[in-house]
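J.: Here are the chains, one letter per residue:
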Amino acid sequence: MLNFKINSSEIDKIGNFTKEEKNFRLKNLNYFNDNGFPNKKDEDWKFSDLKTIISKNFTKLDIQFAKSKKEKVDFIKDFEHNYIIITNGELSASDFRYEEKNKINLESFVNDNYSNEKENNPLINLNHALSNKGYYLEVKDNYKFKKILVIYYLFTEDLDENILNSKNKIRIGKNSELHLLEYLVNSSKQNFFNNVYEDVVLENSATLKNIYLQNNKSSGYFHKYSVNKLFTGSNYTSFIFPAGLKFNKLDLEFNLEGERSECNLQSASFIDNSEHQEIKTRVNHLSPNCKSHQKVKNVLNTEAKGVYQGKIFVKDVAQKTDAYQLSKAILLSESSEFNSKPELEIYADDVKCSHGSTSGNLDKDSIYYLMTRGLSQKESSKLLINGFLNEVVDSIKSNSIRNFIKTKLQTQLQNEHKKH
Amino acid sequence: MLEIKNLNASINNKEILKGLNISIKPGELHAIMGPNGSGKSTLANILSGKEGYKISGELMYQGKNLNEISIDERAQKGIFLAFQYPTEIPGVNTSNFLRTSLNKVRKAQGKKELDALSFLKIVKEKSNELGMDEKMLSRQLNVGFSGGEKKKNEILQMKILDPNLVILDETDSGLDIDALKIVADGVNSSRNNEKSFLVITHYQRLLNFIKPDFVHVLSDGKIIKSGTKELAMELEKTGYKGIN
Amino acid sequence: MKNQNINYNQDYKYGFTTDIENIKAPKGLSEKTIKFISKVKKEPKWMLEWRLKAFNRLKVSKEPNWQKPKFPKIDYQDLYYYSAPKSMKDKPKSLDEVDPKLIETYNKLGIPLNEQKKLSGVAVDAVFDSVSVATTFKDELTKKGIIFCPISEAIQKHPDLVKKYLGSVIPISDHYFATLNSAVFTDGSFVYIPPNTRCPMELSTYFRINASETGQFERTLIIADKGSYVSYLEGCTAPMRDENQLHAANVELIALDDAEIKYSTVQNWYPGDKNGVGGIYNFVTKRGACRGKNSKISWTQVETGSAITWKYPSCILQGDNSIGEFYSIAITNNYQKADTGTKMIHLGKNTKSKIISKGISAGKADNTYRGLVDIGRKALNSRNYTQCDSLLMGNKCGAHTVPYIRNKNSSSTIEHEATTSKINEDQLFYCNQRGLNQEEAVSLIVNGFCKEVLQQLPMEFAVEAQKLVGISLEGSVG
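Residue numbers (my numbering), protein chains in the order written: chain P, 7 to 426; chain V, -16 to 227; chain Z, 5 to 482.
If you are wondering where the hints come from, they were derived from the structure by calculation, not from laboratory data. Everything numeric in this text was worked out from a predicted model, so none of it was measured. One or more of the hints may lead you astray.
If the Cβ cut is set under 10 Å, some of the chain Z residues that face chain P in the computed set are [said to hold, decoys possible]: (1) Lys297; (2) Gly398; (3) Val406; (4) Glu419.
Quick reminder that beta carbons are idealized off the backbone N, C-alpha and C, glycines included.
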């Protein structure tokens, strides 16, 4: 078993910090060193034993990483867009050609929140201790983006058993609106670990539409913790399309702080070949009249493991809450596995809260129906799988973006279908 | 076209069809009537090739034994089943599905596959004939369709696929009179010397609009009486209990 | 909606005490106590050894702490582990020899024990604190080869059966409270149904805690041999005391090939008063093994009492084609807390399980459904369906759903649904408009909400349970 204890001298190598910041980093480093990578004994990691996964696949994890040379970016040509380029977690370029520049603020991330609260997730501790890159994006009040903003997250070829710790923060000002495509492009050939901490704030009546798309499979091991604060009347829609990685955990927390705030989260993915994917959500309804809606779909093939842990929490004052959560999994192989823990914790009575979770093979009646129309068994399955996942894509409103995502997913699926 | 001899079928050790005989020639329209639980839908399922039944007896279609032929192959050879309860398939676009289906059938029959444009032309034409809203074609297959819309969608598929043997399983159930007329018109306009129809129904009502050449009464897994359309009228008066 | 608190001291009609002289074990948990219990019960040596093995295990095990309801530390040395009416010391040969005070107690509880008045169609084993007082219809059952007796008697008379099955579903090394029970269990029921026998009547045990500062640790073992059927019922009450009393029972069920066990519980232990003082800690381990092919175990529970209820009647579906069911109503009011649910472990092929859970929370209570559905890699073609509904009355209470779902093969299907809502205002209005007052309307609607579960109860108890559902919520809607 690898020893992943990290020497405190590593912090000095990252940079010169104020006493306060250094203490914060040291404290978090100690937390991490006390626990190491989380394992299945931790309730939140019950179905994802990261300690074992890391031990099996890594011989070391380098914290230091020399600056990579600029990666050539294969820009999306399907629609006009602004962009930001993040290389290995670091802000490297941006272009807001369609927007009013004075309404936007973009800079490298500087953390100034040295909270004393102890995070229970060792990976967040690790991030707090070691993060040294990332970006801060602010959309000022009363500004609606004219075109979508694409954030290209590039991972370079020279990554090899490195761990990247980055922090990003996005703030959408009052009455402002941003459409975002987070586009992950991976050129690395070797294993590396990407550990992201994200902080998103939607001020009153702000709107954020976000699509998270992994362009290709890779040997990246990903963990992202994202905390999202929604103030009065704000609206957050998020689509998540993971490509399937050796390890991929998205831990998303939504705090509906203001009345009438809404969050909507949908995800679709096809995972295969010993890939491990977990989506964990926690939606905290803290004010009255808020809405949350989650739909998570997984297709699991050979040796693939899918996990969904979703919790809806409703505080006693959060009357008239409308919260819904659905996870559906299709298991295609005898060796695939789906675990879910859809949880409700509710302290207000005038609420509508429900969840559903299903897992199993493709519906036999549907296959029968399609076969009576002349499709073979295999074609029927394929059509059903595509349909199952497309249902999520179809709720993306913009035509050009929907088609772009569809094409991307089709290519992924075609590659999968070919294999079987 | 279709020759069924001494057909026995059981599911989970329960006997449902007990020695059923029927013979349908090209161009003929046969109606099978019977009370609930008499085995009507089982017959439709077996003809389509649905799995799960234990079958003995002879099933001949166009002179060939159907036994070892899979569901999709039967469809490609021109057997069409209009479902009593068409399955809802979320995420699958109706129009894309129709095109995939049509091209499978065409390919099996040695015809050229249709491109999107010429397909669209056919679909538009056929759906107009049935008085269907074209918007339905861009919706998910049968999802959120009303009972009538689902049945019309079945008839639309029948028209597009142009099969040799059409089996209508209780297509009239749950339809109001206007929808029933549209469905019946759809069937009537498809009738010709080569196509055969097997219309399965509980009520005589549908047969006011679709005139059968022959009527059979199915009871307890057997045909207990056969006749012409007058038999249906008689049934209407006496009920199934009156027939013996 | 306004909340009104109710006074349980008036509504808990089983809250009386029976004034009777007791024999008690020395206070506290020790080897001495265990030897005392074993000696009083005239147990063979192997049984004492078994208990001591559990006790040794207990020394190194810890109280679990993952459950939602937290409770103050229990001082295990400040409890009596055995208490029995003095008159029961020399076992009465027949009912005539039983202390009339005891018979009167059961009469008051609505469980007449004497021949003329005994409940028709229900054989009752009455357990008072740590001993079984009487078992009715014994002769009739014996004729069919059915064994229905206190477990202490079974240990003496049917050691082979007890040795073979005791601890085979809940091993002594299980969690803390189960192990504690294995060390100090006092009495409970033993049931054996011989092959191809349908038990002609409901078997029932009625548990009564009377003595103060006493824990009740009963142990129930039910074995349904090949092709047999039994329906078993358990009821519980306790006097009102302002101390918390511990009830840590173990129930083991074993169903062999083609056998079926139906186990129903109406749990109405003293819930504490409206300020949350007193009440029973009901920490119970119930587990059934569908060991044979085509076997079936069905749990039904109506949980209205106890300060804290904490139990998960579970099914281990080992045999191919076996079936597990769990039907539950848990009602919590005032400061009551319930954390209950089930585990369905699918191991055999074509196994099926069904979970229907209805949680109702009022006052300042907390109600949690916690469950596990685990379909193993080899449990091909298995199915689970789960439906968990929660009803909240007022915003001082909580309702929680914590299901763990694991599907490890593609031929199996799991469906889980859960909802949380309040009483439908339209339904209330409709009932009011038809002349029902608020409480009647609530009782009616809640009973409707629970119907699927109530239907599972044997006729004799369904009516009683329905009333209980109404009573438990009285005053929760103003």
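J.: Hint compliance check: list the failing hint numbers for this structure, sorted ascending.
T.: 1
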